[in-house]
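K.L.:
Sequence:
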Amino acid sequence: MIYDHRTYCCRPGTIKKHLALYAEFGFPAQKRILGAPVIYAQVETGDVNSFVHIWAYEDAADRAARRAQMAADPEWQAYLKKSAEAGYLVSQTNKILMPVPLEG
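Under UniProt numbering, the first residue of the sequence shown carries the number 1, and numbering increases by one thereafter.
Please note that a few of the clues may not be correct.
What the hints assert, rightly or not - Think about it this way: if two alpha-carbon atoms lie no more than 30 Å apart in a straight line, the pair counts; the simulated DSSO-like pairs of lysine-lysine are:
#, residue 1, residue 2
1, Lys16, Lys82
2, Lys82, Lys31
3, Lys16, Lys31
4, Lys17, Lys95
5, Lys81, Lys16
6, Lys81, Lys95
7, Lys17, Lys82
Honestly, the hints are just simulated from the structure, not real lab data.
Everything numeric in this text was worked out from a predicted model, so none of it was measured.
Sequences are here, hints too, so could you generate the full structure?
P.N.:
Put into structure tokens, the structure is as follows:
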């Protein structure tokens with residue numbers, strides 16, 4: 001199992017607008033292809049203009065296949081266009097996380 005941890009930062013004063021745009025046009029396509037996220041959360045302290053989501057995949061090949069499917073999806077492409085036109089996002093940071101087995 002791997003986790004794709006993504007942090008997005010919005011222009012100040014636009015995060016609610018971006019999340020509403022995503023909820024209406026992006027999330028349905030993304031959930032249909034990727035499944036439900038492990039977490040989708042707005043940052044409450046620190047950089048309050050940002051939000052985080054984490055998606056789980058079986059492995060890197062599963063991630064690559066599902067992300068390629070999403071990139072080719074017309075509904076997802078339409079959302080990306082709307083998001084770019086809105087201009088709310090200013091940065092994105094992605095991290096692939098690998099679980100560490102711990103023994104007590």
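K.L.:
All hints are to be evaluated individually against the structure, with a verdict given for each.
P.N.:
The hints, checked one at a time:
1. A threshold of 30 Å between alpha carbons decides the hint, and for Lys16 with Lys82 the separation of about 15 Å falls inside it, so the pair holds.
2. For the hint pairing Lys82 with Lys31, the CA-to-CA distance comes to about 18 Å; that is within 30 Å, so the pair holds.
3. For the proposed pair Lys16 and Lys31, the alpha carbon gap of about 20 Å is at most 30 Å, so the pair holds.
4. With a CA separation close to 25 Å, the supplied pair Lys17 and Lys95 stays within the 30 Å bound.
5. With a C-alpha separation of about 18 Å, the suggested pairing of Lys81 with Lys16 holds against the 30 Å cut-off.
6. Taking the CA atoms of Lys81 and Lys95, the gap is about 24 Å. The hint holds against a cut of 30 Å.
7. Pair hint Lys17 plus Lys82 holds up; C-alpha atoms about 12 Å apart against a cutoff of 30 Å.
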